[in-house]
Structures are given as structure tokens and as C-alpha cells.
Amino acid sequence: MAAGGNNRSRLLLVILLVTSLFLITLDLRGVSIIKNSRTATQSFLAPIQRGVSDLFSPVGNFFSDIKNFGKTKDELKDLKKENAKLREKVILNKDTLGELKKLKGVLDLAGRGSYKVVSGRVIGKGSASTFSQTITIDAGSNDGVKKDMTVIGEFGLVGVVKSATSTSSIVLLMNDPTFRIGVRIARSQSIGVLIGEGDSSYTLQLLDPSGSIEKDDVLLSLGSDNNKPFVPGVPVGYVKSVKNTSSTLTQEATVSSYSNLTSLGVVSVIISSANGGPKDALIPRPMPTPTTTIYVTQPPAVETATANTKAPKAKN
Amino acid sequence: MNWTRAGYSALILIFFFIVQETAISKINFPISGFSLYLCVVLGLMALEDRFGAIALGFIGGLILDFSPSSDSPFGKWALILTVVGYLFSRNRESIGDFTERPVAFVLFVTAGATITLIIFLVTGFVLGENNGAVIVNLQTIFGNGLWTLLFSSVLLPGLIKLRDLTLSSRERI
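If you read the protein sequences in the order shown, they are chains A and B. The first sequence begins at 62 in the numbering used here and counts up by one. The second sequence begins at 177 in the numbering used here and counts up by one.
Any given hint might turn out to be false.
[What the hints assert, rightly or not] Here are the simulated lysine to any residue pairs, SDA-like style, with alpha carbons at most 20 Å apart:
no. : chain 1 : residue 1 : chain 2 : residue 2
1   : B       : 337       : B       : 242
2   : A       : 96        : B       : 337
3   : A       : 96        : B       : 304
4   : A       : 96        : B       : 300
5   : A       : 96        : B       : 305
6   : A       : 208       : B       : 303
7   : A       : 96        : B       : 309
8   : A       : 208       : A       : 301
9   : A       : 301       : A       : 355
10  : A       : 301       : B       : 309
Calculated directly from the structure, the hints in this document are not laboratory data.
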């Protein structure tokens, strides 16, 4: 009996393994039914994600808030004072305000670059078990979003549209290990390839061995044919450190991105770009140093006269 | 496992898949994310006999293959979880009934989740996929294992009760 059960299990195992391998083969050969299945799932999940997004936005950063509790303890006193003042004011939705701020930043960047954009709210993130870095936004093909369009945040590049349904799109983030983008160093005009590493750092490989690369160099997107997948001139990141490796043919550097990919609320998809792109118009400018202006006002005439009479005649 | 129970189990898994994709994925867990779905699949597999574990592994994997954020070929998760289901059932037989040994159950599911992700990475490597830096992958596996260990102790009693609902009166005996 047990042997019969084992044989049955082994037969099932073989059948299911063969079925799995068959599915993998179909997918790798690009059979459309398999490819469209994930898009269909995305269409089904998008409305739920949108609904849950509102519910989970305060919960999403719960753990990081706990982690920072010790650091913020000192600020608690000041915040209580501030809170008392804020109670008198109109209560506004903090989440909406945060999104508005990000949206303003994104639209400002898009405006400076003369990009035509469609903005979308982030409604989902890629599952931890897939090892891929993606987000889901609530803008889809109905809004003009198509596959292979550049996605920007308030400070620069965020990623590229991986797939789009009628109401939502999946964006492959720039820190995904499969992400590659051609970049141009604003200072030296050397070109290279930026590679995602899965975390917050990136690797830049210069294509020209004699190219110049220095710390804090600004990287802009090089652009692609017909602006797909990347439009030119989008700020990508800055050089954190240059790797001194004599063993490699090309120069390499570690890069930090301008966009904080862990706190994306609103992003914009670039639908079209002006001819030739924004050139270097989007290079992030350094913050201006605050200057103090002193206004000198003349004292009233009577007081001046009194002061003159009382003042000791030191020079005489 | 009969067809009716396979259907009920699939419905349970679809529910947890939707929860995973729409809600759990939005939480920024320290170290790395937590896969509730994987925890549930492995928990249910651990309660089944060999035939059931293999079948459930395939069904669970097939559902996970529908994940829109996945870059892997369709069928990869089905392949991996079928293999894991078989490995689970082989080892489970030597441990005995999990419902009477909750600590062993939790540890078994945690180890299973870790091994599943390792197999996923190795299979990806064989298929020529780029899964990124090794340290980041190790961090993901470790983080998921840690969260599975913490949450499974809370989730698994409920999961046992949920599974009991799918059993026919004959299977309960």
C-alpha cells in the first residue's frame, strides 16, 4: 500500500516537474499567453492595490519609525510645542501634502526639462521573494503610458516602465540588478554605463578608457533612439568614489542616485521630450549659501545732535 | 488530497497571494521583506502527506508565477515549490505530526522558506538570470528567514485551523 502511494507520488512529481519545465520553455520562447498572464494579474490587482494603498500608507513605514524612535526622543519636546500651534490650524492630510510636495518637485523637474509627463501615485511595491526592484503606479495605457518610457522622481531618474495595463503600470527601478542605462558625465562629457546593484549604490563603467571621472561628478542620462527607453538629460546620480583598479580595462566608479527609491510617493512618466533634450539644464545646482543683508538706518537728527554733544572729544 | 480540497487550498493561497501583493509588499521591513505567501504555502505543505505536499507545491508555485513584479520565467516558482514540496514530505515523515510540535513546525517552515529562496537563486543562476549582488541576496534570504521565524509562530496555529476547514469528515478521522 505504501509502495503504491510512493509510486503515485513519484508519478505526480515527474508529471508536475515536466509541466513546470514545459511552462518555463514556453515563457522563454515568448508565448504570448504566458506573457499576458502577468499583465492580466496586474490589471486585477491594481484596483485592490489602489484601495489598500490609502490604508497602508501610514503602516508602510511603521518599522523604520520604531527604529528611529530613540533618535527622535530629543525632538519630542519641541514637537509637542509645535503640535499645540498646529492644532489651531486647519487639519490637512499629511499624506496628501507629502504627495503634493513630491509632485511639485517632479513637475518642476519635468518643466525645466520641457518634458511632457503623466504623473502617477505609487500604489504597490514588488514582492520580496522575487528579488526584483519594482513599483506599481496608478497610471496606465489609458493615460498614455507605454512600455519602455522613462520614469522620473522629484530629483531625477527613478526607472523605466516595464509593463502597462489600462489603469496601472509596473516600473523597473534603477536599482534593480538587471537595470542598465547609458550616462554622460556632465563635466567631462565622457560616456559610460550605469548598473543597478540591488541596493542604494550603483556601478558606473566608463566606455572610454581615457575618459575623465572624478568624485562628485554629475551623471545625466545619455538617451536612446526615439527616446525609448530613456530620454536624454535626466539627472541620474553623482559619483561617490572612483575605483582604482588596474586590473580592469575601463574605469569604474561607485555612484549614488539622486532619487531616494525607498520613499517614492509620486512619480512621473515622460511621455515625450523636446527635440534634442534639455542638454545640461537639469544638472542639480548646489544649494545657495545664505547671505545676511544689513540695512543701516540713520538715527533721528535730535538724538544725533545730543549724542554729539555728550560724546568725548577724543581726537581733540 | 482530492480535487475539492485542492480547490479550497488554491482559494486560500490566492487570498494570501492577493494580501501579499497588495498589502504586505508595501511594508518596509527592516533588513529585508517578508513573504507571507511563502510562509503560508510552506506551512500548508508541511501539514500534507507526500502526494498533497507535491500537489500543493505546484499549485502554490503556479499562483506565485502570476506575480506581476516577477522577472523570472513563468513556471519557475512552480518547479521550485514542487521540488521543495517533495523535499518537505521526505523530511516531514521522519519528524512526525507537526500539529503536536509547534516549535518544530515553525523551525521547519523557516528553514523551508530559506532553502526555497536559495533554490530560487541557484535556479536563476542556472537559467542565466541576473539576481544582483550576493550580499544583497543574502540579506534578503536572512531577512525573510527572520521575519518568517517571527511571524510563523503567530500565523501557523491559524493556518492549521484554516486547513482543518478544508478537510472532509473522512479525512479528519
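Hints versus structure:
Proximity of residue 337 of chain B to residue 242 of chain B is assessed by CA-CA distance (about 27 Å); at most 20 Å being required, the pair is judged violated. Straight-line distance between C-alpha atoms of residue 96 of chain A and residue 337 of chain B comes to about 36 Å, which puts the hinted pair past the 20 Å bound. Our distance criterion of 20 Å between C-alpha atoms is met by residue 96 of chain A and residue 304 of chain B, whose separation comes to about 19 Å. Restraint check for residue 96 of chain A and residue 300 of chain B: the C-alpha separation of about 18 Å stays at or below 20 Å, so the hint holds.
For the suggested pair residue 96 of chain A and residue 305 of chain B, the alpha carbons sit about 17 Å apart, so the restraint of at most 20 Å is met. In summary, the hint linking residue 208 of chain A to residue 303 of chain B is not supported, as the alpha carbons are separated by about 25 Å, beyond the 20 Å threshold. Taking the CA atoms of residue 96 of chain A and residue 309 of chain B, the gap is about 27 Å. The hint is violated against a cut of 20 Å. Between the alpha carbons of residue 208 of chain A and residue 301 of chain A the distance comes to roughly 31 Å, so the proposed pair goes past 20 Å and is violated.
Restraint check: the Cα-Cα separation between residue 301 of chain A and residue 355 of chain A comes to about 39 Å, which exceeds 20 Å; the hinted pair is violated. A C-alpha spacing of about 18 Å is found between residue 301 of chain A and residue 309 of chain B, which places the hinted pair at or below 20 Å, so the restraint holds.
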